[in-house]
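Novice: All chains should be built: construct the whole structure from the sequences, respecting the hints.
Number of protein chains: 2
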Amino acid sequence: MIVNCVYIHVNPDKVGSFIEATRANHLETVKEPGNLRFDVIQQANDPNWFMLYEAYDSEIAAANHKTTGHYLKWRDTAEGFMAEPRHGVRYNIIEPNNRSEW
Amino acid sequence: MIVNCVYIHVNPDKVGSFIEATRANHLETVKEPGNLRFDVIQQANDPNWFMLYEAYDSEIAAANHKTTGHYLKWRDTAEGFMAEPRHGVRYNIIEPNNRSEW
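Residue numbers (our numbering), protein chains in the order written: chain C, 958 to 1059; chain Y, 958 to 1059.
The set of hints was computed from the structure by calculation and includes no laboratory data.
Every clue listed holds true.
Intra- or inter-copy, both count: the list cannot distinguish identical chains.
With a straight-line cut-off of 25 Å between C-alpha atoms, the simulated SDA-like cross-links for lysine to any residue are:
{"no.": "1", "residue 1": "Lys-988", "residue 2": "Glu-1016"}
{"no.": "2", "residue 1": "Lys-1023", "residue 2": "Asn-1002"}
{"no.": "3", "residue 1": "Lys-1030", "residue 2": "Pro-1053"}
{"no.": "4", "residue 1": "Lys-1023", "residue 2": "His-1044"}
Specialist: Here you go:
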């Protein structure tokens, strides 16, 4: 199981549009069989910064996500709302170490 | 509902001890009534860096966590394993926006 944290800086006038596009991606991503979480969170002291907390049960599941129609649609739409390129940080999971707790 | 992301840089020779102490904190924190998640994750390209992904159903629940015996024990133990002071980032939750999905 792995986590990708994706940090995204959105142009202030595009925050609403970004949330709309990302919400749609969330709703489809959580239906993927290998997806464990796809949380969309907004930084409290700077609402132009978001983080996607994406957990998958394998590297393959994470890679598969990037081939889905909803991801590709999100990418092509949401990149236009970003103030700079997003960046991701890959994590291994210590806890919960049981898949059923995800 | 809120998320606190806590970024922690651990001294290389203390990584095992840090994991042990933080696992104990995880196991107790997830029993708190206002806790939604307490994920412990380790950066894939630098195993000395960890993130705690802590979700609570309210600010009060997040504050209450810091009064618990398991938090105080973790703090007093784990701070000795850190290479520099930890830092936290507070987030508001966009999705999942239904508590039952946490």
